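The whole structure should be built from the sequences, with the hints applied where relevant.
Which chain is which? The protein sequence lines are R and X, in order.
Just so it is clear: in the first sequence, position 141 is 141 by the working numbering, and no numbers are missing.
Just so it is clear: in the second sequence, position 90 is 90 by the working numbering, and no numbers are missing.
Watch out, some of these pointers could steer you wrong.
One copy or any two copies: either way a pair holds, since identical chains are not told apart in the list.
Straight-line C-alpha distance at most 20 Å; calculated SDA-like pairs for lysine to any residue [what the hints assert, rightly or not]:
no. : residue 1 : residue 2
1   : Lys113    : Leu8
2   : Lys116    : Arg49
3   : Lys113    : Gln166
4   : Lys170    : Gly111
5   : Lys46     : Arg14
6   : Lys16     : Arg160
7   : Lys16     : Thr64
8   : Lys154    : Pro132
9   : Lys170    : Gln92
10  : Lys154    : Pro90
11  : Lys46     : Arg11
By construction, these hints were calculated from the structure, which means they are not laboratory data.
In this text the structure is predicted, and so the values were computed from the model without any measurement.
Protein chains: 2
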Amino acid sequence: MRIEVLRLGHRPVRDKRLTTHLFLAARALGASGGYYTGVRDEGIEKGVRNVCLNWGGSFAIGHTTKWKAVAQRCRESGSEIIHLTMYGTPIQLAIEKLRESPKDKLIIVGGEKVPKDLYQLSDWNLAVTSQPHSEVSALAILLHELHRGRELEKTFDGSRLVVIPQEHGKRVIRAKEA
Amino acid sequence: MRIEVLRLGHRPVRDKRLTTHLFLAARALGASGGYYTGVRDEGIEKGVRNVCLNWGGSFAIGHTTKWKAVAQRCRESGSEIIHLTMYGTPIQLAIEKLRESPKDKLIIVGGEKVPKDLYQLSDWNLAVTSQPHSEVSALAILLHELHRGRELEKTFDGSRLVVIPQEHGKRVIRAKEA
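Structure, rendered in structure tokens:
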């Protein structure tokens with residue numbers, strides 16, 4: 001199951017770190033790539049690229065001005081469209097169906113203002129609690145649930161750096177020593 | 001099990017939204033309150049307070065200049081100290097012990113630079129993957145795992161607003177209509 005993330009309405013100053021964190025969480029937790037709308041921000045693209053260079057894998061993000069075209073293209077190639085929103089169906093009521101469906105997923109997360117037709121266009125409007133929190137935490141829990149926790153074991157090809165987990169302390173080595 | 005979150009090294013401009021999202025995620029996913037160090041930022045305190053006013057519950061956050069004193073106090077009152085770090089023990093190896101322990105928890109999440117002695121002082125240094133992503137996603141998955149997903153059903157007393165989950169659309173009512 002291939003999973004992509006579409007982030008709507010990025011604003012460079014206000015959202016810089018949040019959007020970066022969103023894409024890094026997507027990468028670390030098993031999504032394959034992403035798109036964003038709003039203002040193009042080479043800073044976040046570079047930030048994510050640098051993480052891939054150092055830590056491996058090939059998570060590409062692309063800027064687009066047309067979120068509907070992305071959603072349409074994903075749907076035509078067989079993906080389900082999931083919109084994360086606190087107003088949607090509780091994730092725990094839908095997760096089993098989503099896991100069982102072999103379809104790829106496009107997960108859409110909004111910014112401050114979500115286009116109204118997104119609610120209609122999405123196959124699933126899913127809520128990770130009906131409380132306000134963060135697109136980063138909502139995405140993390142959705143990915144974790146979709147993968148049944150197995151994403152925590154994911155490894156990344158071609159990394160320069162590898163963490164050797166420590167009970168107390170910090171150990172990072174160059175990949176060739178691994 | 002009472003869970004509190006301590007966020008280190010808040011920087012008002014750069015971290016404003018991230019720290020707010022971190023505390024909102026903590027609240028929504030079943031933590032009881034939080035602390036932060038770094039520069040005091042009334043904006044995030046007010047933001048979290050407003051969410052509690054509208055959406056219920058009583059998640060208080062306090063600024064402190066002394067993270068060690070907070071950790072010490074929590075330990076003396078019987079809490080375990082968990083530091084979330086990509087360099088730590090994979091969460092999936094520790095979670096069962098943490099769930100079984102009846103002790104309260106203090107979860108510490110760092111900023112850009114983490115004090116070295118935090119790794120020693122913590123009972124657990126836990127990694128949600130050994131990859132860089134976000135304190136918000138790492139905290140979300142830890143809370144979700146600690147609560148075995150039951151936090152998704154949590155309700156909040158005294159809210160003004162209540163979401164009525166919709167498959168397609170958005171419905172929020174005043175609490176007295178609920």
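Alpha-carbon proximity context of Lys170 and Gln92, limit 20 Å: between (36 Å within a copy, 18 Å between copies)
How would you classify Lys113 and Leu8 at a CA-CA limit of 20 Å: within, between, both, or neither? Result: close within a single copy only, 9 Å intra versus 30 Å inter.
Intra- versus inter-copy proximity for Arg49 and Lys116 (alpha-carbon distance at most 20 Å): For Lys116 and Arg49, the Cα distance exceeds 20 Å both inside one copy (32 Å) and across copies (28 Å).
I want to check one pair: Lys46 and Arg14. Are their C-alpha atoms no more than 20 Å apart within a copy, between two copies, both, or neither? both (17 Å within a copy, 18 Å between copies)
Tell me, please, which holds for Lys46 and Arg11 at an alpha-carbon limit of 20 Å: within, between, both or neither? For Lys46 and Arg11, only the intra-copy Cα distance (16 Å) is at most 20 Å; the inter-copy one is 22 Å.
Go through the copies and call it for Lys154 and Pro90: within, between, both or neither, with a Cα cutoff of 20 Å. Answer is between: at 12 Å across copies they meet the 20 Å cutoff, but 27 Å inside does not.
Within, between, both or neither: Lys154, Pro132 at alpha-carbon 20 Å: Classified as between; 13 Å across copies, 29 Å inside a copy.
For the identical chains here, do Lys113 and Gln166 meet the 20 Å Cα criterion within one copy, between copies, both, or neither? For Lys113 and Gln166, the Cα distance is within 20 Å only across copies (18 Å; inside one copy 42 Å).
Homomeric proximity label, Lys16 with Arg160: Cα distance no greater than 20 Å: neither (25 Å within a copy, 32 Å between copies)
As a check of your reading, is Lys16 near Thr64 (CA-CA no more than 20 Å) within one copy, between copies, both or neither? within (16 Å within a copy, 26 Å between copies)
Up to 20 Å between alpha-carbons, please classify Lys170 paired with Gly111: within, between, both or neither. Answer is between: at 16 Å across copies they meet the 20 Å cutoff, but 35 Å inside does not.
Figure legend: structure checked against the earlier numbered hints; hints not met, in rising order: 2, 6.
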